[in-house]
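Protein chains: 2
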Amino acid sequence: MSLTSSLPSSVDVTALVAGLPDGCVIVDPSRMDAYRHDRARDPGAGTPLAVVRATTTEDVQVAVRFAVEHGLSIVPRGAGSGLSGGSSAIDGCLVISMERMRAIEIDPVTRTAVVEPGAFNAEVKAAAAEHGLWYPPDPSSFEFCSIGGNVATNAGGLCCVKYGVTTDYVLGLTVVLADGKAVKLGGARLKDVAGLSLTKLFVGSEGTLGIITRIVLRLIPAQRAPSTLVASFGSLDSAIQAVLDITRRMRPSMLEFMDKASINAVEDLTKMGLDRSAEGMLIIQSDEPEVYAATEIAEIAEMCEANGATEVFSTDDPETGEAFVVARRMAIPAIERKGSLLLEDVGVPLPQLGALCRGMEAISSAHDVTIAVIAHAGDGNTHPLIVFDPMDADEAARAQLAYGEVMDLAIALGGTITGEHGVGRLKKGWLPDYLGPDVLDLNHKIKNALDPSGIFNPGAVLEHDPSRRE
Amino acid sequence: MSLTSSLPSSVDVTALVAGLPDGCVIVDPSRMDAYRHDRARDPGAGTPLAVVRATTTEDVQVAVRFAVEHGLSIVPRGAGSGLSGGSSAIDGCLVISMERMRAIEIDPVTRTAVVEPGAFNAEVKAAAAEHGLWYPPDPSSFEFCSIGGNVATNAGGLCCVKYGVTTDYVLGLTVVLADGKAVKLGGARLKDVAGLSLTKLFVGSEGTLGIITRIVLRLIPAQRAPSTLVASFGSLDSAIQAVLDITRRMRPSMLEFMDKASINAVEDLTKMGLDRSAEGMLIIQSDEPEVYAATEIAEIAEMCEANGATEVFSTDDPETGEAFVVARRMAIPAIERKGSLLLEDVGVPLPQLGALCRGMEAISSAHDVTIAVIAHAGDGNTHPLIVFDPMDADEAARAQLAYGEVMDLAIALGGTITGEHGVGRLKKGWLPDYLGPDVLDLNHKIKNALDPSGIFNPGAVLEHDPSRRE
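These protein sequences, in sequence, are chains G and V.
Here the first sequence is numbered in the working numbering, starting from 459 and rising by one per residue.
Here the second sequence is numbered in the working numbering, starting from 459 and rising by one per residue.
Fair warning: there could be bad hints in the mix.
You can't tell identical chains apart in this list, so a pair holds if it fits in one copy or across any two.
[Stated by the list, open to error] Mimicking BS3-like on lysine-lysine, the simulated pairs with C-alpha atoms at most 25 Å apart in a straight line are:
1. Lys-583 <-> Lys-642
2. Lys-639 <-> Lys-886
3. Lys-903 <-> Lys-639
4. Lys-729 <-> Lys-796
5. Lys-642 <-> Lys-886
6. Lys-642 <-> Lys-903
7. Lys-796 <-> Lys-718
Think of the hints as simulated: they come from the structure by calculation, not from any bench.
Bound-form chain G, shown alone (with noise of 0.2 Å):
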């Protein structure tokens, strides 16, 4: 089944080739291939007509006019890491990359980033470095994620429990609406707020509104190097309490947690020495100045010691202490070899973090699949990985099942289905009882109003409205 739609099968490219500089318009069916697809595998994906690789705001004008004009959808694409099939194509759209887009400009004096949408967030990092500047959000996949794709997804990582997610960073974008014109949004201020929030609308937007162009960016110094605190747990409420005890009482730059199937999985691939028999690890980073991190590391030892800890390990060299950090974020791909994923991204408000836990546990035993859990802990957001084997359907479609039922539970726990993911294709239908009727309307408002005719992404975030052309 792929995803199909109503529009012309067939449309002559021409023009639009035409229109764009040489190599932008992809249509031989095999190079198009790569680009129907994010890292989700969405089953339903589609074949587009084209995929236009834009190199400037005025190549995305150009494609946007020529889907209008001929009726056709446009999918946006970052580097297709997405994890929720925000960027599964379409038949006959248009994907817009915006792979070639990738330039880096550093204002050291306003502490500002200009960012084309297809640079690495790993590279805006680096140029942000060359200046003693920072850019702090970082997914698990920040080597190879773009920064476009950040801002259409709202993307969180590991430091977002002290330096918050992508959105508190944005200070302007520019976009290219649906009728093709590109507005500029916000810019290199801190403060302004002369007309409505629209920046921070097109944030989490995952390409639904208008395509995001260029990005301003805030930065902040650079981050001193961290401490870290390595801590096993014999049960998973000892872990999480001891969690509880220490947002409470203070603000580590990291806060991570792998259940036993994670840690195992990750040592597997690493032979690195984890403490296989624990229920939990804890990875946990001060990046206070020398003397004040030495401090907040020995009270987090305390509490994880209070908390029945079986090993607590510190270092204050950031290389050993990197190695931890590289084994969480090792984990999605370890668990990837056990079976294929469904990958999940719920969060709760931090007081549930232990209900969601339990409560994915016995999830896990009904459906009997196997569910690894690794979190963003302190700010109570956690990836189940759902493994099956895609060769047995029966347990896929126990899967399946179970996927559902831990967005159910965060929802009935307070939560959120998707913390830092996107709601994409994969999660839209449990979107509306997340949202509720109202709260789901307003969304379609919003929708409706910037992009009347549906061509953005559709299908993605929300089902169409069929209100929308009355």
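Based on the hints, put chain V in the right spot on chain G.
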């Protein structure tokens, strides 16, 4: 001249009174007078039909439904400390005042506050401090402005140069919409990307999209006691060059500027010994841990001296430092004693700060009016205060011309007409020039989608859109 409306001049409020708790509805003209203006004293303010002092979200819903039924406009109102006429009453409107909705609950585990909109900013800070937590945004009016008004205008303050603005701390909102429904947006979760970023859209919307009745705020650990440096300069240019040198290299927790007129007005009032001959004074704080603050302040002192500061004073005694911050906060009331004020809030990218200040000097000369300047210099946000004698019609007219030209200048320099006070009714005339037609159109599209009949704060921020009822 008062803001007129084509609405029925007399509506029977019996049903409204009956539908709300005792004492909620005020119709006595002498008591309503206090609800006609905010601090901008908009001469065009009208007279409301009634004032509703809501006690709950449900009260607000009753009032909104009554307004819808009778075709009344609604002007929401916090503490009335607004500086742009955003809360000017309209003839025959319902004013919905939040002054009685002041509950504050702090959750130290999630480090959030759930706050009703009428609570003062200072009350939220105090409640957070009881748990060792901090709500950073600090408009100069923090002791008498409401948190709801802060959210409505995305208020800033002195700490923003390091800690950001109100929107950076808003995680969730309850909002009463134009059909009387109440919706909950976001919540006590740092990460949530399920659906469009509606929470952030309502921040800074100045009461034009709905009425905020409950706010979930992010808190951070208590600020360390700051060290303070005060530097006087013999020329404006050298003071501004010092600002740019500092922001390029570090991130102080405060970086304020006062010009000669402001210094002298404050000195008239306080006799605290400020240098009356200085052309500019910087008040700078560092809240880094002890040794680091001392280093930062020493480096800042060097940069001020290198730029020819005539006097540099520093102290690590918080009380001594606070006296200078109080002096800075006192600038507006001190200058108010010199005459009536037109209070600006223009901001520019930092490298344009000098051009903005020099341009304002030229405007002051051209129109022969005093323009005193205070500024959140570290983020390029200035508050030129145009002083005039209200009994001198010619001077008042020249002041009004200067008021507009300062905003024109900011726009020409790539800046904004308002950094933290809001557009309200007084700056509305300059918004189209600032936004340009396409972004203005986007603003209208959102407004019309959420408030199709235009009942919420009509005439604030945006002109009525004649296409709205098409």
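Here is how each hint holds up against the structure:
no., hint, in the structure
1, Lys-583 <-> Lys-642, "within (24 Å within a copy, 35 Å between copies)"
2, Lys-639 <-> Lys-886, "between (28 Å within a copy, 24 Å between copies)"
3, Lys-903 <-> Lys-639, "both (20 Å within a copy, 15 Å between copies)"
4, Lys-729 <-> Lys-796, "within (16 Å within a copy, 75 Å between copies)"
5, Lys-642 <-> Lys-886, "between (29 Å within a copy, 19 Å between copies)"
6, Lys-642 <-> Lys-903, "both (22 Å within a copy, 16 Å between copies)"
7, Lys-796 <-> Lys-718, "within (14 Å within a copy, 70 Å between copies)"
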